[in-house]
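**Student:** Mind docking these for me? Both chains are given alone in their own frames, and the hints should help you get the complex.
Residue numbers (numbering that gives the first Met the number 0), protein chains in the order written: chain G, 0 to 491; chain B, 0 to 133.
Treat the hints as calculated values from the structure; they're not laboratory data. Treat the hints loosely; a few may be bogus.
[Stated by the list, open to error] When the alpha-carbon atoms are kept at most 27 Å apart in a straight line, the in silico DSS-like pairs for lysine-lysine are as follows: (1) G:394 <-> G:363; (2) G:482 <-> G:15; (3) B:20 <-> G:15; (4) B:103 <-> B:93; (5) B:58 <-> G:266; (6) G:262 <-> B:64.
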Amino acid sequence: MRYNRIIKNRYKLIIKYIGILIMAIGGFLLLPLLALPFYPDEIIYLKAFVIPSIIFSSIGYLFYKKIDSKDESTLSLREGGIIVLSSWLVAIIASALPFVITGELNFTQAVFEATSGWTTTGLSVVDVAEAPHIFLLWRSIMQFFGGVGLVVVMLSSILHPYGFGLYNAEGRSDQLLPHVRRSTKAIMYIYCGYTISGIILYVLVGMGLFDAINHSIAALSTGGFSTRVDSLGYWDSLSIEMVTWVLMILGTINFATHFALLKGKFKIFFKNGEIRLLSALIALFVPVVIYFSLVELYDTLPNALRRGVFEIISAISTTGFSLNTFANWNQFGVFSVVILMLIGGGIGSTAGGIKLFRIYLMLKSLVWELQGFFLPENVVRENYIWRGESKLYIKPEYIKTTANYIFIYMITYFLGVLIFLAHGYPLLESMFEFASSLGTVGLSIGLTSPELPSLILWTQTFGMFLGRLEFLVIFFGIVKIIKDTKYLMPQK
Amino acid sequence: MYILIIGCGRTGSYLANLLSKEEENVVVIDKDATSFEELSAEFTGFTVEGDATEIEVLKDAKLAKADSVVVTTDDDNVNAMIAQIASELYQVPKVLVRVLDSQKEVIYKELDVITMTPTSLLVDKFKDEIVRSV
Numbered sequence: 000m001r002y003n004r005i006i007k008n009r010y011k012l013i014i015k016y017i018g019i020l021i022m023a024i025g026g027f028l029l030l031p032l033l034a035l036p037f038y039p040d041e042i043i044y045l046k047a048f049v050i051p052s053i054i055f056s057s058i059g060y061l062f063y064k065k066i067d068s069k070d071e072s073t074l075s076l077r078e079g080g081i082i083v084l085s086s087w088l089v090a091i092i093a094s095a096l097p098f099v100i101t102g103e104l105n106f107t108q109a110v111f112e113a114t115s116g117w118t119t120t121g122l123s124v125v126d127v128a129e130a131p132h133i134f135l136l137w138r139s140i141m142q143f144f145g146g147v148g149l150v151v152v153m154l155s156s157i158l159h160p161y162g163f164g165l166y167n168a169e170g171r172s173d174q175l176l177p178h179v180r181r182s183t184k185a186i187m188y189i190y191c192g193y194t195i196s197g198i199i200l201y202v203l204v205g206m207g208l209f210d211a212i213n214h215s216i217a218a219l220s221t222g223g224f225s226t227r228v229d230s231l232g233y234w235d236s237l238s239i240e241m242v243t244w245v246l247m248i249l250g251t252i253n254f255a256t257h258f259a260l261l262k263g264k265f266k267i268f269f270k271n272g273e274i275r276l277l278s279a280l281i282a283l284f285v286p287v288v289i290y291f292s293l294v295e296l297y298d299t300l301p302n303a304l305r306r307g308v309f310e311i312i313s314a315i316s317t318t319g320f321s322l323n324t325f326a327n328w329n330q331f332g333v334f335s336v337v338i339l340m341l342i343g344g345g346i347g348s349t350a351g352g353i354k355l356f357r358i359y360l361m362l363k364s365l366v367w368e369l370q371g372f373f374l375p376e377n378v379v380r381e382n383y384i385w386r387g388e389s390k391l392y393i394k395p396e397y398i399k400t401t402a403n404y405i406f407i408y409m410i411t412y413f414l415g416v417l418i419f420l421a422h423g424y425p426l427l428e429s430m431f432e433f434a435s436s437l438g439t440v441g442l443s444i445g446l447t448s449p450e451l452p453s454l455i456l457w458t459q460t461f462g463m464f465l466g467r468l469e470f471l472v473i474f475f476g477i478v479k480i481i482k483d484t485k486y487l488m489p490q491k
Numbered sequence: 000m001y002i003l004i005i006g007c008g009r010t011g012s013y014l015a016n017l018l019s020k021e022e023e024n025v026v027v028i029d030k031d032a033t034s035f036e037e038l039s040a041e042f043t044g045f046t047v048e049g050d051a052t053e054i055e056v057l058k059d060a061k062l063a064k065a066d067s068v069v070v071t072t073d074d075d076n077v078n079a080m081i082a083q084i085a086s087e088l089y090q091v092p093k094v095l096v097r098v099l100d101s102q103k104e105v106i107y108k109e110l111d112v113i114t115m116t117p118t119s120l121l122v123d124k125f126k127d128e129i130v131r132s133v
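Next up, chain B with everything else stripped away, as it sits in the complex (with noise of 0.2 Å):
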């Protein structure tokens, strides 16, 4: 499998890690080129240093073969953006996108994307807890 994550932050090069230990090809795209170093010596992958907004650099990552694509900027705009153009314009298979302000989900509601938003996961266990111990 092909998986390409953009968005080398904790989550991006946590995820890069453990599928590169699974022997899945990663490659990674991140602007700055220091957060490559949050990549251990598991990675074995590509990195691809670039603005990910830019079509040049998606076709350098050779988007367009990618079964999978990871988008965890940390930017919500730039996010739908990109997974707009992997699901809509490339129809990558599996998009799945994190999502920062939980009422910004609605904009994946037409696309073909997975979404998580960890703002919602927390706010759900917690209110779950408190709930059932009052």
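Just chain G, same shape as in the assembly (with noise of 0.2 Å):
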């Protein structure tokens, strides 16, 4: 009974926080009316938003108010999950709701679109020519918060739950700072700072206001939602590109990463593995693919060069910003791509991917243990990585974690492919969509469209918010629920 009166109170405490995170969900929808006063003839989109939001902020508010819990404990990584991924389903699906409110799209591509926007991946299923402004703002914005995170949002403005259960619960766990509050606050000053930067940056080289808002936070949440149907391709222009290449190749690496490079530790940035491997595989695979895979489609090596690089980073960043279609490469090529969208971008950026800081881990567990081979038995080793401003040391655990995590991510994958094959759909071009739906990438072989039957897009769903929230999450949250409910239950 005792027990049972316990868990109780923990269930008041995380439906609080969920509360505040639905009222805060409620508010973001407010945010794209902020194009009607440029916009005024879209005010007919008013109450698509404006609906709702009031139902979300007033079931948060209820959450919050009518509930009352004295507990002021901390929250762990279990409880964290379960908060995180409530509040995550319930943005899904407030954020659906605009587009089916309007019959844009019908719940099962609108709940795609949402999910789309939230794990910044930018697969998308909108007619983009023809959507209003106030649903491409829409878009962005879950795609800026979506890519920070609601947890961080919300560690950094409003309220302090005691302890990292949440903050680690998103898949995050550098910290900036001595204080999970301020290093969430520096986290949204440098993504802020940056997207500001962005804007300008894509001002000054000749894009126009809105496309340079929209896009600068598509690139930096490495979402990549477009606001034109040709992608980056619409204005062909290499200052343009080359804005996109640093905005995606910052949206990708670590925050914690950013924090050194901005305090001027450049040595300290360089010694970075994640930094070492990204460049390595840019070097390495920018000439390969031009060479193997794009010689033959373009006429003048500088083209080909430019296209290279940049489908390069963007796949790599998981940004999925794109100039051209994949459609008229060779299997080379789309396979270089899909290895890339698999690998990833940093840990605890806003990229998705198995991330390349587990790549880089697991590739140095390897040389070690081959070192280890060619030296004296008893000799004793401290091995360690650098990450953010400190050495990480290893310990074998470490490496298993990460080994499981790649190994359920591959099992996930090949889950996923196996569906698109079932549905007659051919292995290259399953690949490469459903690597870019689990590693939020964006990118599209010519798969994904509005007419896709519902399952390959629930498919896509699933696969792009189990990338984002990182499985564990997800996981520990269902269990302790399902394990918490049987307590729960009247015992005969």
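**Tutor:** This is the structure:
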């Protein structure tokens, strides 16, 4: 009975926090209305945003106010998992509503679009050419908050549930400063600062303000929603592409590494394993892909180079902007992009994929293992890699966790590809499209469109969600809920 | 405020938890990584594993930037040395030291350091209780 009461109290606390997050989501829904003064004829869409906003704000308020929880204690990782899981689900449903209310998309498509936004994927079933500005802005706003994460936004501003439970549950483990609140604030400053600089740079190189805002957000959050059908290919301008390179790379770098960089610690920045691996991968794949795949498509080398650099950065940073179609690439090029999408960007950044850090750790572990064969039997070694501003000493359990993560990632990937294949899509296209979903990339070889069967859309939706929240949180959250409901059920 | 706590035993960890909950920036140093298990989930600061008598460790923990330093290791000689480094070499505004052996309190006489001796506190209290009751 006592345990029963404790669980009930904990859930009251959890629901209270969920309530606060739901209120915040209600608030976010009003942000696209900022576009109205510039596009007054889109006032007809007002109710599509205001109605869900009112619904969710009041639900959140009810949760927050009506439940009195005196429990001031800290949240564990599992409890954080429940909060993160439920608030992300609510965020996705709430964000899908405006599309449904205006009849722009059906429910499946709207959820797909919202998931794609919140997980910063960038696969889209919206007809960008027709969509009103307010919806385009809404897609970017989803990516802005999805990129940095709901919890970080919350921790940095309103509230301070004590402890790391929540912070870790959203897939972040790095700390910039010795307090979680200050760390999240620093993340928000870095993120907003880069976004604003991105907007300014885009305007300077000749993009319109509305496009600049949307593309800067989409590049930095490694989201990749574009306001044009041809994505960045629309402008066909090298300077715009170069700004995008920089923003995409910035977006894929861990915030702790940014912090070291901004403090002027260049040495530490270049010692960082993720930076090294990222540079190595770009330096390796750009010439190889150009040589084996792009030379036959483009008549001049500079053109092939431009295309190659852009798409490689877009894939590894899991952004998903593209200059042109992938349909005419040969298999070598397509598969290289699949590999890069699976590897993904930096851990603790806005990017997705397996993450550079995990790949780097596994590579290092392989090297250490091989070196071990040539060392004296009783040698004691301290293996470390640079992470953020400090050395991280690697324990064997750490490597185990990482290997397990990569294993579960690949299993999910293959299952997803199998579902595609069962629908009769070709192997390479299926691999490309699902790697793009699971890694929250957003490049498409041409499969993703509103006409896709809904099972495929749901598979992709699910993949994006798993990829963004990094599996374990979802697993923790669900298992904990099931276990606790068992206790709360009246025992016979 | 930036607070550096050296020694993560019962005292150090308890203080670190409370300060972190109060939203202060807290960094804890201990030479034994297992003692960080004493820190509760409320603690969101940094931990540094290392011997605080080594200057590299103190530099790593950014002693120069600290607003307060709390020294609570279980060795009075170590405490005295670190307290001197903090207040004399790095001019940390506030240095607080736990002194175990009350006879050693004299070491700190010349220093601008706040000392606290649990034993003396206890003895004073008990003495007062006994004397008053008699």
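**Student:** Check whether the Cα positions of residue 394 of chain G and residue 363 of chain G lie no farther apart than 27 Å.
**Tutor:** The given pair, whose Cα atoms are some 13 Å apart, holds under the 27 Å limit.
**Student:** Keeping to a limit of 27 Å between CA atoms, is the pair of residue 58 of chain B and residue 266 of chain G held or broken?
**Tutor:** Between residue 58 of chain B and residue 266 of chain G the Cα gap is close to 17 Å, so the pair holds against 27 Å.
**Student:** Has the given pair, residue 262 of chain G with residue 64 of chain B, been kept, meaning a C-alpha gap of at most 27 Å?
**Tutor:** Given that 27 Å is the threshold and the Cα spacing comes to 15 Å, the pair holds.
**Student:** Going straight from one Cα to the other, do residue 482 of chain G and residue 15 of chain G come out at no more than 27 Å?
**Tutor:** Judged against 27 Å, a Cα distance of about 20 Å means the pair holds.
**Student:** Does residue 93 of chain B sit within 27 Å of residue 103 of chain B, going by the straight-line distance between their CA atoms?
**Tutor:** holds, 20 Å
**Student:** Take the C-alpha atoms of residue 20 of chain B and residue 15 of chain G, compute the straight-line distance between them, and say whether it is at most 27 Å.
**Tutor:** This hinted pair holds, its Cα atoms lying about 20 Å apart.
Checked against the numbered hints above, the structure violates none of them.
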